[in-house]
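Student: Spelled out from the first residue to the last, the chains are:
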Amino acid sequence: MTSTIAVVGASLAGLSAARALREQGHDGRIVVIGDEVHAPYDRPPLSKEFLAGTTTVDDIALGSPEDDALDLEWRLGTRAVGLERLSRSVQLADGSEVRADGVVLATGARARRLPGSDGLSGVHVLRTLDDAVALRADLAVAERLVVIGAGFIGAEVASTARQLGLDVTVVETQPVPLAGPLGGELGAVCAELHADHGTRLLTGTGVAGLIGTERVEAVQLTDGTRLPADVVVVGIGALPNVEWLAHSGVALGNGVLTDEGCATNVPGVVAVGDCAAAWSVPAGRNVRIEHWTHALEQPATAAATLLGGAPPVACPVPYFWSDQYGARIQFAGSRREGDVPRVVEGDVAERSFLAVYERDGAPVAVLGMNQPRLFTRWRRQLRPAVPAS
Amino acid sequence: MITVCPTSSLPPGEAIRVPAEEPIAVFNVDGEFFAIDDTCTHQDASLADGWLEGATIECPLHASCFDLRTGKPSGPPAKVAVRTHRVVVADGMVHVQVSAAAEGAA
Ligand SMILES: Cc1cc2nc3c(=O)[nH]c(=O)nc-3n(C[C@H](O)[C@H](O)[C@H](O)COP(=O)(O)OP(=O)(O)OC[C@H]3O[C@@H](n4cnc5c(N)ncnc54)[C@H](O)[C@@H]3O)c2cc1C
Ligand SMILES: NC(=O)c1ccc[n+]([C@@H]2O[C@H](COP(=O)([O-])OP(=O)(O)OC[C@H]3O[C@@H](n4cnc5c(N)ncnc54)[C@H](O)[C@@H]3O)[C@@H](O)[C@H]2O)c1
Ligand code: FES
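Quick mapping for you: the protein sequence lines, in order, are chains A and B. Note that the first sequence covers residues 53 to 441 in our numbering. Note that the second sequence covers residues 566 to 671 in our numbering.
By construction, these hints were calculated from the structure, which means they are not laboratory data. Keep in mind the model is a prediction, meaning the values are calculated, not measured. Idealized CB from N, CA, C, for every residue including glycine.
Partner residues are not named here, just some residues of chain B that face chain A (Cβ under 7 Å, in silico):
1. Asp-614
2. Trp-616
3. Pro-625
4. Lys-644
What the simulated footprint calls covered on chain B by chain A, stretch by stretch (three residues with Cβ under 8 Å from a Cβ of chain A suffice, anywhere in the stretch; the number is not a length):
5. 603 to 612
6. 626 to 636
Beta-carbon label-pair distances, calculated as ranges:
7. A:Ala-414 x B:Gly-657: 40 to 46 Å
8. B:Met-566 x A:Asp-311: 54 to 60 Å
9. A:Thr-106 x B:Met-658: 32 to 38 Å
10. A:Gly-105 x B:Glu-618: 34 to 40 Å
11. A:Gly-360 x B:Gly-657: 55 to 61 Å
12. A:Thr-106 x B:Ser-574: 32 to 38 Å
13. B:Met-658 x A:Glu-312: 51 to 57 Å
14. A:Gly-236 x B:Val-663: 45 to 51 Å
15. B:Ser-574 x A:Glu-410: 30 to 36 Å
16. A:His-90 x B:Met-658: 46 to 52 Å
17. A:Val-395 x B:Ala-665: 42 to 48 Å
18. A:Val-395 x B:Glu-618: 24 to 30 Å
Just chain A, same shape as in the assembly (with noise of 0.2 Å):
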């Protein structure tokens, strides 16, 4: 009997779990539910190239020709909506069900939402590529832009605006933007760049709420300040895509909760990318990483788990990059609150520099602005250095 798995979402950690099963020798059925309409596409390009319209839906699709001798059965434009946990069967939407050996869960992860902006035009998130094609849209008509967060897509989102010619205005409830991954030093420059490159932001500010009838027309701030706007985008985080797995049985928390290798608590169910929880030694406890080399990474161990093979060997450190106003950063290892940064090579105040974090003395983790070479070499020293997560 051959088996079949199930993989439960079609994006960069659906799709890298596919290849992976086949690489490790899964020879029966496998078959990818999406929700999105779409095949899979990277989502990185949505806030920088393919906002500025510079890149295509096919620059970004993220199958290759190679993927067609991976024989998967596509369920597209498919939700799930359940688990069944003892037959390991999932439930579609569309009222059939996917009965499998074993199940890769892969939903990612979906952008969380401003209470009360429901109905009103002019107001998105970033997460699709529908949202991305509506933003882009209403982006090439509009003359000034309220960014409602700080974080990754809020910059990314601010500095391709700026480079459309948009007035922009970013709004951060905390007083320094990129805090928590970069730490407030750190963050602080990137503070910088929104002002090197004539973009307003106001941090410490709480939105109190959206103005217009039906069309937005202004942010009001806690502090009485109104922003005039004709588009808002709200980038205020990603919760998991796991409130379908409710009555699964699967054990939930910030995602879906899982040992060092993907394993669920329960058997044949693994999970992989923006919704799973991974449990980490150095952190001890689980962490939700939502970055895309991790996405693209861990399926390796998920599908070595699910086939009873070997894990593959140590994992790689943490690794992210993000693109702010022409600016390259590069961010890699585990870093805490109390380490601390110190710059190695260039100048902060050229926007080109390498900074390596420290603890007790040893690096634990290192930040490149628009110094890929350098940061590629103490990327690689950090690996051994930093025990597998």
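Here the structure of chain A is known, so what remains is to put chain B with the ligands in place on it, guided by the hints.
Tutor: Okay, now just chain B with the ligands, sitting in the frame of chain A:
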């Protein structure tokens, strides 16, 4: 033919980026020189900034690896080969003969 640099300024394990309309990256792999298009076929990264391991260059942005002999990527996210160019070493200088067509283009 583009003159790149004296062989002495490109020691083994090093790479140099030759600015041009389509920039070229030249590598010294244990004394053997290779040239490819510098811009990754996936997105916007300079391969001269990547990690050289044997005759393979790993892209500094998303880590696709390209074979310097064939230009072919070993795995995702890159799908398309980079153009390779012929390198000629004469009188202690490294020269590159730029290939005409984008042979790797799909
Ligand atoms: C605009 C943008 C820019 C980004 N830029 C960067 C960057 O520069 N660098 C970086 O490191 N990371 C970046 N990221 C993050 C990166 O894209 C994600 O980490 C990655 O997409 C995660 O992949 P995933 O497959 O786990 O989840 P997702 O890409 O979220 O895919 C999950 C898929 O599952 C589908 N799905 C959800 N629920 C169901 C269901 N019930 N049934 C069927 N299908 C379902 C979803 O519709 C989606 O297609 C960016 C993200 C966005 C949105
Ligand atoms: N380069 C990258 O790595 C990249 C780029 C784009 C998106 N992404 C991913 O996309 C997802 C969403 O990104 P994001 O930028 O929305 O999330 P984020 O968590 O990076 O940033 C959200 C920001 O919004 C702020 N915020 C929250 N509520 C707010 C409010 N009511 N008013 C004002 N500010 C508020 C937070 O303090 C935070 O700074 C994440 O998973 C992210 O990793 C990554
Ligand atoms: S830009 Fe080279 S692999 Fe993505």
